Amino acid sequence: MLQVNFIRENREKVLTGLAKRNKDFTAQIDRIISADDQRKRVQKDLDDVLAESNALAREIGQLFKSGKAAEAETLKARTSDLKEKAKEFEAQLSAVEKELREQLYTVPNVPSEPVVFGKGAEDNVEVFHWGNRPSFSFEPLPHWELTDRYRLIDFELGVKITGAGFPVYSDKGARLQRGLINFFLDEARNAGYTEYMVPHMVNEDSGYGTGQLPDKEGQMYHAQIDNFYLIPTAEVPLTNLYRDVILKEDQLPIKMTGYTPCFRREAGSYGKDVRGLNRLHQFDKVEIVQLAHPSQSYEILETMVEHVKTLLQKLNLEFRILRLCGGDMGFTSALTFDFEVYSAAQQKWLEVSSTSNFETYQANRLKCRFKGQDGKTQLVHTLNGSALALPRIVAALLENNQDEKGIQLPEVLHRYCGFDRIG
RNA sequence: GGAGAGAUGUCAGAGUGGUCGAAUGAGCACGCCUGGAAAGUGUGUAUACCCCUAAAGGGUAUCGAGGGUUCGAAUCCCUCUCUCUCCGCCA
Numbered sequence: 001m002l003q004v005n006f007i008r009e010n011r012e013k014v015l016t017g018l019a020k021r022n023k024d025f026t027a028q029i030d031r032i033i034s035a036d037d038q039r040k041r042v043q044k045d046l047d048d049v050l051a052e053s054n055a056l057a058r059e060i061g062q063l064f065k066s067g068k069a070a071e072a073e074t075l076k077a078r079t080s081d082l083k084e085k086a087k088e089f090e091a092q093l094s095a096v097e098k099e100l101r102e103q104l105y106t107v108p109n110v111p112s113e114p115v116v117f118g119k120g121a122e123d124n125v126e127v128f129h130w131g132n133r134p135s136f137s138f139e140p141l142p143h144w145e146l147t148d149r150y151r152l153i154d155f156e157l158g159v160k161i162t163g164a165g166f167p168v169y170s171d172k173g174a175r176l177q178r179g180l181i182n183f184f185l186d187e188a189r190n191a192g193y194t195e196y197m198v199p200h201m202v203n204e205d206s207g208y209g210t211g212q213l214p215d216k217e218g219q220m221y222h223a224q225i226d227n228f229y230l231i232p233t234a235e236v237p238l239t240n241l242y243r244d245v246i247l248k249e250d251q252l253p254i255k256m257t258g259y260t261p262c263f264r265r266e267a268g269s270y271g272k273d274v275r276g277l278n279r280l281h282q283f284d285k286v287e288i289v290q291l292a293h294p295s296q297s298y299e300i301l302e303t304m305v306e307h308v309k310t311l312l313q314k315l316n317l318e319f320r321i322l323r324l325c326g327g328d329m330g331f332t333s334a335l336t337f338d339f340e341v342y343s344a345a346q347q348k349w350l351e352v353s354s355t356s357n358f359e360t361y362q363a364n365r366l367k368c369r370f371k372g373q374d375g376k377t378q379l380v381h382t383l384n385g386s387a388l389a390l391p392r393i394v395a396a397l398l399e400n401n402q403d404e405k406g407i408q409l410p411e412v413l414h415r416y417c418g419f420d421r422i423g
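So for the first sequence, this note's numbering puts the first residue at 1; every next one is plus one.
No lab work stands behind these hints, which were simulated from the structure alone. Keep in mind it's a predicted model, so treat the numbers as computed, not measured. A virtual CB, placed ideally from N, CA and C, is assigned to each residue, including glycine. Some hints could be false.
Pairwise CB distance ranges (calculated) [claimed, not checked]: (1) I161 / V125: 37 to 43 Å; (2) K376 / T79: 51 to 57 Å; (3) A95 / N10: 23 to 29 Å; (4) K119 / E97: 31 to 37 Å; (5) A51 / E266: 49 to 55 Å; (6) I246 / E12: 30 to 36 Å.
Lysine to aspartate or glutamate pairs mimicking EDC-like chemistry, simulated, CA-CA at most 16 Å apart [as the list claims (entries may be wrong)]: (7) K376 / E204; (8) K255 / E302; (9) K13 / D30; (10) K405 / D30.
Build the full structure now, drawing on both the sequences and the hints.
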């Protein structure tokens, strides 16, 4: 969430920035400022009362020590009034703090300067394009037919075991998954990211830390007996490794990567876009995360974008990069680049990575800070990106590389998979 | 799952009702000492919020978390979480 002081000091800037999201936040912002004013007033009142009681208590202690019990008793009488007042102010304080917090939760991150105003996906800006579209002498098959024909993925079997959106990969389908994961992890490690293997379930605090809670509660699977959530992305456990941590300035940037399965309820999505691998409840992804010095975060975002680019180039998939407009950008992001690969048989673009700078929006909730040379602590910037999510990569690989007899894998995957062809 | 012990600052570790944000030691930072270093020595070493502000200064909260008793809680009581030991179960 945004920092109240930042909002106070930059009200106009915040409002014009937020306007790019195609929504007016004036009312919320002003409510936040007035709630904060009230919070300060009540805090002051409470502190004053507590200071008085503390002084009184100290005095009573002294009197008892020096044997003046009677005087102590008269002072005691005065404390009950203060106690009552303190209780009242405490109640007021927690009420106004709750109000403030709830208001803050409703305000998304302020889009950074390059983000354009926009209503939705149609206003995103293509900033990069690479690769060529394959041409076929036959009608290319969509991946769900290829996975069936070559027995790579069994969607029906997944339904039996769990439900729709939980595919079962087998034989070369399974090995392709494992090969891709290893390829992505190796590339990340070579780019300087430290590899982690993290829990796939997280507690409530972690959910709040990265902003999945409270607003996206319905999108996560919830193990209610233990109050754990299945992670929707490795971003959650990875970023939360640094929750409540104060780093030294020279530790930055911190670069982490990890492979995890990702679990998403995808409540409310249906229709033709969910066919095959296009939208799943469980999928595999390698994530890259960085904690950065605020002065470097945008440079670092560029390097992350470059990293994802090289992955797609090595896989030889035609792709484009979109700079998301205000209306299409995620709630917590300040700047997001989406990567889309072209799916030759479906004849459409599939999103395979989303790489973002969250500035201090996540760090504020995480309480992830660093101490600078000047001794002051300030919030880090957090960034993350998919590098990469597997299902749609697999869809594009299968569709774009098919021939009449099977599927030819890109060279880079041969040693990772242990085979160069399917079929 | 059962029984017991415990959770204090960067770390180790004292503190069992008052002057405790917290002894002592280590670490770390800066200074002195030194040709340089070690040793020695001096000073400093949490976070958040608020008031005041040029700076300084002051107030409040925080000793796993939350609640309670008390004029006053690190210290007493209750609940929860976690750690360790033993037993049970087990990949």
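Going down the list of hints, with the structure as the test:
Take I161 and V125: their Cβ atoms lie about 42 Å apart, and the range 37 to 43 Å holds. A hinted range of 51 to 57 Å is violated for the C-beta pair K376 and T79, which are about 39 Å apart. The hinted range of 23 to 29 Å is satisfied by A95 and N10, whose Cβ atoms lie roughly 27 Å apart. For the pair K119 and E97, the beta carbons lie near 35 Å from each other, so the given range of 31 to 37 Å is met.
Range check, A51 to E266: Cβ separation about 53 Å, and the 49 to 55 Å hint holds. A C-beta distance of roughly 32 Å is found between I246 and E12, which places it inside the suggested range of 30 to 36 Å. Taking the CA atoms of K376 and E204, the gap is near 30 Å; set against the 16 Å cutoff, the hint is violated. At most 16 Å may separate the alpha-carbon atoms for a hinted pair to count; K255 and E302 meet this at roughly 14 Å.
At most 16 Å may separate the alpha-carbon atoms for a hinted pair to count; K13 and D30 meet this at roughly 14 Å. For the hint pairing K405 with D30, the CA-to-CA distance comes to about 64 Å; that exceeds 16 Å, so the pair is violated.
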